[in-house]
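These protein sequences, in sequence, are chains G and L. My numbering numbers the first residue of the first sequence as 9 and each following residue consecutively. My numbering numbers the first residue of the second sequence as 29 and each following residue consecutively.
Hints should not be assumed to be uniformly reliable.
[Stated by the list, open to error] Covered stretches of chain G (in silico footprint by chain L; criterion: 3 or more residues with CB under 8 Å from a CB of chain L, positions within the stretch not fixed):
| no. | region |
| --- | --- |
| 1 | 107-113 |
| 2 | 159-170 |
| 3 | 355-361 |
[Said to hold, decoys possible] What the simulated footprint calls covered on chain L by chain G, stretch by stretch (three residues with Cβ under 8 Å from a Cβ of chain G suffice, anywhere in the stretch; the number is not a length):
| no. | region |
| --- | --- |
| 4 | 127-135 |
| 5 | 287-299 |
| 6 | 581-593 |
[Said to hold, decoys possible] Quick partial rundown of chain G residues pointing at chain L, CB under 8 Å, derived from the structure:
| no. | residue |
| --- | --- |
| 7 | 59 |
| 8 | 60 |
| 9 | 92 |
| 10 | 118 |
| 11 | 292 |
| 12 | 293 |
| 13 | 295 |
| 14 | 567 |
| 15 | 568 |
| 16 | 570 |
| 17 | 594 |
In case anyone wonders, no lab produced these hints; they're calculated from the structure. Keep in mind the model is a prediction, meaning the values are calculated, not measured. Virtual Cβ for every residue (Gly too), placed ideally from N, Cα, C.
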Amino acid sequence: MASKVTSAVMRQGLHVLAVAIRAEPLIFTLAVAASTVYGVMTVASAWALGWATDNVVLPAFRAGEITRGAILTAVALIIGVAVVKAAGVGGRRFLAGLMQYRMQARSRRGVTRQYLKLPLAWHHRHPTGQLLSNAGADAEAAWAPLAPLPMAVGVIVMLVTAAVGMVVTDLVLALIGFLIFPAIAVINMIYQRRLSPLVTRAQQLRAEVSEIAHESFDGALVIKTLGREDLEAERFRARAHELRDANVAVGRVRGLFDPVLEALPTLGVLAVLLIGAHRLAAGAINSGTLVQVAYLFTLLAFPIRALGWVLGEIPRSVVGWRRVRAVLDASGAMEFGTASLTGTAPARLEIDGLGYAYDDATVLHDVTFEVPAGRTVALVGPTGSGKSTLVQTLARLVDPATGAVRIDGTDLREIERGGISRAVALVPQQAFLFDDSVRGNITLGLPVPDEDVWAALRLAQADGFVSALPAALDTMVGERGATLSGGQRQRIALARAVVRRPRLLVLDDATSSVDPQVEARILYGLRDAAEAATVVVVAYRMATIALADEVVYLEHGRVVDRGGHQELITRCAGYRNLVTAYEREEAERAAVETDSEGVSA
Amino acid sequence: MTMLQRVERSALATVRHGLSLTPEFRKGLAGTLGLAVVATIGKIIVPIAVQQTIDTGLKDGTPDLPYIRTAVLLCAAAVVLTAIAGYLMNVRLYKSTESSLATLRVRGFRHVHDLSVLTQNTERRGALVSRVTGDVDQITTFMQSGGLMIVVAVGQLVVSSVLMFVYSWQLTLLVWACFVPMAISLPRFQRWLSSAYTQVRERTGDVLSAVSESVVGAPVIRAYGSEERTAERVDAAIEANRQAQTRTQRIVATIFPLTEVMAAVAIAGVVLLGVRLGLDGDITAGRLVAFLFLITLFISPLQIATEVLNEAQNAVAGWRRILGVLDTPPDVADPGPSGVELPRGPIDVSFEAVGFAYPGGEPVLHAVSVAIPPRSRIAVVGETGSGKTTFAKLLTRLMDPVSGRVLVDGEDLRSVKFSSLRERIVMVPQDGFLFDGTLADNIRFGRPAATDEELLLSLTELGLADWLEGLPAGLDSPVGQRGESLSAGERQLVALARAYLADPDLLLLDEATSAVDPATEVRLSRALEGVTRGRTAVTIAHRLSTAEAADEVLVFDRGRIVQRGSHADLVAQPGVYADLHSSWISAARS
């Protein structure tokens, strides 16, 4: 987190601005032009007022007469200058916004494109919350200085114009300006330097407070069932109070600098009046000039702070841009080959010496087995044995660290982009649905006729509940499918896979939330329809395992044994222990009961 | 729909009620306002000084230098004083608003946890979160900036109008005539702007959900090659958001310059009318020039008015939402100090004609009566929607029955202190929610005072030592946000260990091992039942292996207990249980 406005941060900040200017040169130029008009016209409005004082007001009071021409000129000048200035203000504001939001949208598009392109392994290394804020808050922060930027440029024009104007008018009064305005600019910069780390910290704490609330409300059931409400409230209070203190610290700095920045130009005007009176007495200036300079001081007081606003946004902008850039620059996008998979027949799958590690924890070691075309293999193993990771390599969601996965003899890494998803369908353990219709969730944009969608739903035992939905296939399922139950979501996800007629179907415990009776019907249906696909299924239940031609038994990321179910039962203790757990449990209980009956008898 | 209270008060009543809940803010408010008035007076020092200099000092073309010097120095002293008043006011304001709103935030947060599961679930989590975060922030923002600006701007307008009236009532009327139409049309501009801002907020929400789909759904998007389609959806959301943002900018860019032009018209009018009045001797030159300075004081309040009105509207909406939480009475409430404390030890439960219906819904439980003796192992079975989970929620007092009562050790559950209840009865839900932290943090949530040795002992007793060894950092392994670094089965293991460590006298498992492998599951359920410990265990399961091991099986069907007895007895007679069992057998054994 950049906490100070160091010169390095400033340089980077200017670099970020340069990126935006290069990206939108036309809009930026127009915005600066509008802002220049605004700057020049602000000075001109003071000059117009001075002119009116000298040529209309004072002659009227001194000589008791007014010339019609002079008064009309004064009115035309004042209004004319204001209209041009207003056009400048409006143009500047609109164009600055246009540029800011275009850049923001551009970054958001770029970041999301990367999310879609980068491999899953990259996703695993970055928490979801962080990726969301890269596209949200960070993309916004990166371009925030663009809003005041054109105004700041306009202010510089304004100051130069004013300086020239004042020097021409009266050098002594100009010197007051040269004292006061640089002072305002410098104090304002100090102000922003002091303020921005405090604001950043408050921002950070605000996010943390929100995170605690989010997590705590998500886990409300657990908190309630364990009676930990007070503990949670304490955790939240501690952070909320930190936020309060951080905000009060911000308030102190604002409280100190705001009044000073307001007082300075006022003091400047008073100095102008005092010294101007002396100059007037000496005959160096006339009253109109005095009014003009005093008025100019009041006009310049506020806009000059725009320079500080840009500066104040820069640290946040640099941090935001760095984070956005990190995503945009992330490499390791999956490389694709040129091989294509042809045919519609079931695929032959080979897994050869495959290894995989998350960071430093190896989860798969030298996994080797093959699935002949059209056969079904069950992957069985205890919780945490690496099954889910293994199935992810089959659809090339992740690439193995060592070894290879081959379909019909072709290494997955050599297959062209999009080639694998046309042949392989993976149904993950946790069904993910999009905020879309039932149909949209199943076809995912594929041109599939409704009959096929219904056929897939029938196979997934989902046709019944889908036809009962208010708009059947057109029913919107809500965010993450929130309007459906867990079992319903799993069945939609299954239909999504089946409708594609994959050559390799991979099921990762994909029916865990479905009632056993329904699950049985799904599995029988799949077996009957499965002549068109090779199937790899992660399973615990005997009914599922029974569908398989072969079982691959994993423990701690290694293939311990493989073979037919009966073979493994007799040969492999770990496997036997796992799949017969319920039966043994029952048998043991029966034995204990017999024993105790025997004892009591 | 939400079951949180909707506050149907007027804006003023809402704010008054809100302020009554934040005494820190009201205390010393008068002092803060007093300082604000002093600070505001600083604004008219310049026009007065200009008037004095021109009228008195420059009379007859020869400046009265000593007089001007005195006047300017007095004014400078006043400026310094008002700046000090401004500083003090700001500090007081920040302190009082921040501490009062932190209190409100914490109260709101605590209150959300006091509401029943039923009420919590009627509101999206994100919306609930923003009631104690963003909504409160909007109130603070308004109090520190917009609200303060209103005070300052009104003060500025009043003070400058008074001074203008003293100088010339005719010119004052003229200035008012120029600005009043603008002021009258402000609410219209504000409505315009506020609906534009609402659009931006909604579109921003769309962008975030679209992006989150592309992040959370990354595996599915890749597996099905739907990157392009997802990108198009995200792009559409981003573009809609950008257009909404640009629209607000266009409105702001229209309102702002309008006031500039109005001000110029006012200034020109003052010059025009002023010199005529001057010819008649109704006004001095200094007063006329001072007028020109005073007009600038009218511009900024009008320029910021639409934004400030917007902030005010948001703040009132924020008050309404946070008060909506605080005003919702906890529907399943702690009996408080008068509540019953249950001594530890074996626990028995009885349901007496318990009925339940969700608000506005059909009854889901009909007069269920059942007694669960201490130390018994009970299995609850039935199809989805048969009332099993409702039964569990009533037993743990996550909800209260609509009719009948639930007794624990002979005491009505509603009269038992929460602290005592949550210690003795613990439920493990199907979704083992984990907090972002280490494994140890999560297990220790069951008993915050537990040592690492006790954690390890619990895991060993549950037969999970082997699994723990497989984790690279052991107890210190981070579980990730919501436990997403672990598999679904592993999350359930942690949730069970957490409940085991809490060591309740009645443990209720609601399909708590559905994602765990069978061998581990059997091991776990034995340890959890804690036969030797004399614990009562109630298990809801769709794997009927649990029922086979239970002392008694309760079979639920359409909100009623239709069968009860031992597995051996039930399976021998035709009925719901025998049907469930045969389909389970065919799935588990084939």
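Now the hints, each set against the structure:
Note: the region 107-113 of chain G has 4 residues with beta-carbon separation from chain L under 8 Å; the three-residue rule is met and the coverage holds. Given a C-beta distance limit of less than 8 Å, the hint that chain L covers the region 159-170 of chain G is violated, as 0 residues qualify and 3 are needed. Interface restraint, the region 355-361 of chain G with chain L: violated (0 residues with C-beta to C-beta distance below 8 Å; minimum three). With 5 residues bearing a CB less than 8 Å from a CB of chain G, the region 127-135 of chain L meets the requirement of three and the coverage assertion stands.
Counting residues of the region 287-299 of chain L whose beta-carbon sits less than 8 Å from any beta-carbon of chain G gives 8, enough to reach three: the coverage restraint holds. For the region 581-593 of chain L, the stated coverage by chain G is not satisfied: 0 residues place a CB nearer than 8 Å to a CB of that chain, which falls below the threshold of 3. For residue 59 of chain G, the suggested interface contact is broken, since its CB lies about 11 Å from the closest CB of chain L, more than 8 Å. Using the Cβ-Cβ criterion of 8 Å, the hint placing residue 60 of chain G at the interface with chain L is satisfied: the shortest such distance is roughly 5 Å.
Annotation: interface hint on residue 92 of chain G violated; nearest CB of chain L at approximately 10 Å, more than 8 Å. Restraint check, residue 118 of chain G versus chain L: the minimum CB separation of about 10 Å is more than 8 Å; hint violated. Taking 8 Å as the C-beta contact cut-off toward chain L, the hint placing residue 292 of chain G at the interface is violated, the least distance being around 12 Å. Given the 8 Å rule on beta carbons, the hint for residue 293 of chain G is violated: about 11 Å separates it from the nearest Cβ of chain L.
At a threshold of 8 Å, the smallest CB-CB gap from residue 295 of chain G to chain L is about 6 Å, leaving the interface hint in force. This hint is violated: residue 567 of chain G has a C-beta 16 Å from the nearest C-beta of chain L, more than the 8 Å allowed. Annotation: residue 568 of chain G was flagged as interfacial toward chain L, and the flag is violated, the nearest CB pair being 14 Å apart, outside 8 Å. Interface restraint check: residue 570 of chain G against chain L, minimum CB-CB distance 18 Å, threshold 8 Å, status violated.
Given the 8 Å rule on beta carbons, the hint for residue 594 of chain G holds: about 5 Å separates it from the nearest Cβ of chain L.
The structure is inconsistent with the numbered hints 2, 3, 6, 7, 9, 10, 11, 12, 14, 15, 16, although it conforms to all the rest.
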